[in-house]
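**Student:** Keeping their order, the protein sequence lines are chains A and B. Under our numbering, the first residue of the first sequence is numbered 78, with each subsequent residue one higher. Under our numbering, the first residue of the second sequence is numbered 78, with each subsequent residue one higher.
One should not assume that every hint holds.
The list makes no distinction among identical chains, and a pair is therefore deemed to hold if it is satisfied within one copy or across any two copies.
Calculated pairs, DMTMM-like style, for lysine to aspartate or glutamate (alpha carbon to alpha carbon, straight line, at most 20 Å) [what the hints assert, rightly or not]:
(1) Lys222 / Asp268
(2) Lys101 / Glu243
(3) Lys266 / Glu324
(4) Lys315 / Asp151
(5) Lys266 / Glu323
Since the hints were made in silico from the structure, they are not lab data. These numbers were taken from a predicted model, which means no experiment stands behind them.
Protein chains: 2
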Amino acid sequence: MKNSQFKQASLNKIIEDHQSGSAKIAFIALQALADYSVQSTLTDPAFYLRDLSDFALRLQQTRPSMAILANTIDTWRQAIGRSHKANLITLKRIALDKAHDLMAQSRLANEQIVHQVCDLIADDSVILTHSISSTIISCFTELAKKSISAIITESRPGNEGCLVAERLSHLGIETQFITDAQLGLFVPKADVVLVGVDSILADGSVVNKAGTYLTALVAYDTGTPFYVCAESTKQSRKHNVSIHLEEMGAAELNLADLPHITPRNIYFDVTPARLISGWINEYGMQTLINEPPKHV
Amino acid sequence: MKNSQFKQASLNKIIEDHQSGSAKIAFIALQALADYSVQSTLTDPAFYLRDLSDFALRLQQTRPSMAILANTIDTWRQAIGRSHKANLITLKRIALDKAHDLMAQSRLANEQIVHQVCDLIADDSVILTHSISSTIISCFTELAKKSISAIITESRPGNEGCLVAERLSHLGIETQFITDAQLGLFVPKADVVLVGVDSILADGSVVNKAGTYLTALVAYDTGTPFYVCAESTKQSRKHNVSIHLEEMGAAELNLADLPHITPRNIYFDVTPARLISGWINEYGMQTLINEPPKHV
Chain A
78 MKNSQFKQAS LNKIIEDHQS GSAKIAFIAL QALADYSVQS TLTDPAFYLR DLSDFALRLQ
138 QTRPSMAILA NTIDTWRQAI GRSHKANLIT LKRIALDKAH DLMAQSRLAN EQIVHQVCDL
198 IADDSVILTH SISSTIISCF TELAKKSISA IITESRPGNE GCLVAERLSH LGIETQFITD
258 AQLGLFVPKA DVVLVGVDSI LADGSVVNKA GTYLTALVAY DTGTPFYVCA ESTKQSRKHN
318 VSIHLEEMGA AELNLADLPH ITPRNIYFDV TPARLISGWI NEYGMQTLIN EPPKHV
Chain B
78 MKNSQFKQAS LNKIIEDHQS GSAKIAFIAL QALADYSVQS TLTDPAFYLR DLSDFALRLQ
138 QTRPSMAILA NTIDTWRQAI GRSHKANLIT LKRIALDKAH DLMAQSRLAN EQIVHQVCDL
198 IADDSVILTH SISSTIISCF TELAKKSISA IITESRPGNE GCLVAERLSH LGIETQFITD
258 AQLGLFVPKA DVVLVGVDSI LADGSVVNKA GTYLTALVAY DTGTPFYVCA ESTKQSRKHN
318 VSIHLEEMGA AELNLADLPH ITPRNIYFDV TPARLISGWI NEYGMQTLIN EPPKHV
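Chain A with its partners taken away, still in its complex shape:
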């Protein structure tokens, strides 16, 4: 495959992937960088480096709501940028190794999070989650050894809850599958809410699939603990006010074309820190900044 074809195919794969969580997307991007660093046909080290770095930037820009993508690719670009005087063979080796290294770090962070979560969750707990997260799926894989049960949401319009259902069914976990609108009925039936997130903002608020804020509101209103499970690379320097929340195609809502009616499809919402009981990352349980309640 030509350089430009490979790059475009990799970008399209991420742009069209509306079901994977941000850790998985970062993995796919790093794998694309690893593959491209080897198979790029450019032979001049400066051109090779510039082309690779430009590809990394474009990968980063595919999903602006995902801090892990920004952070991981920044780290990767800095590493290869520091090697700008190396020869082509060395450059290829550094680019490939750094991508693999970052993937391994992410895998390790996730294993550590799973360990923390398993220590936290008691036998026979009912765990509710919203949307899909590779971190949460890893937690369930380990938690399946305890006699826990699950409540999961459909997560319209991508319906990634159906994928979660398949995974939990395979793991033999007794699971109730609900529409997003039933969150108010089912969060109170859970012992704990666990969600993965796309980004943790500078003020401690979290960006995740639309509906996460609703889940957190019910958890807060009913006294149900609400934990965010996310590796530290998901921390963003951005503030709530400057965050761009991606909107996807309206066709996903399957609404008939009607005059005056505009279907909206914003994929992410922001959950304020004051509603979050804690952030579990690879270093343990972190407390987010807890602003005072707004309207009380």
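Given the coordinates of chain A, assemble chain B onto it according to the supplied hints.
**Tutor:** For chain B alone, kept in the frame of chain A given last:
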């Protein structure tokens, strides 16, 4: 059509109607009583009365979450019960007249509610509603004369938001159509939330389509006024703890059959009075009992 066939067809029509709000369902039930009171082939007044009263009870029991159905049919049964000494012709006349009378009262109450709502809503307001309500559709029909715009929810799994979209499109109201999961993003963009409800319980909490509690939580959290629009016959003597929330067929969720996975489809949730800014009925704006916030 035979008596038993007519009755079963009427009951099925209501049982299978998952899209109409409770005022519409009460209307359909009253119309069935009006029609049946005329066409019943029973000739003995005592048998006629008992059969009609039994049919009314069965209509009432089709939708236990709907106070208006219970209240309206109670009133109708009391009226015909008081006439048990009348002859057949008189009985038929009373049964028919009382059904028509109750339908007219409901229509008038709705007109008065629309009038109250129109006084409340300023020009250029953005109004958000969840699910479908004939009262709210009547409000929009009148509000279309002001330059208001709307935000409406899909309302899974019945998707009655699609019906609302058709009505608002026809009225020429600029409308944003969102998934239920996007409520946290769009309630803050509204000036006011208006919902119809199925029942107002003794403690001031309201029973309505699942997702209403989520809508009210966001409204409360973001300081957006949240009004319930419902005729006074929707007041129930029941308390939150004794209310039965109907669950419909899981097939509506369209989830593939998977071991260990149970799709749940509870149609209604309960919104506590403390989250509700006011109840607009035919007499004006009522204040619901405001319990203190629970977890602050």
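**Student:** Can you list which hints this structure breaks, lowest number first?
**Tutor:** As far as the earlier hints go, not one is violated by this structure.
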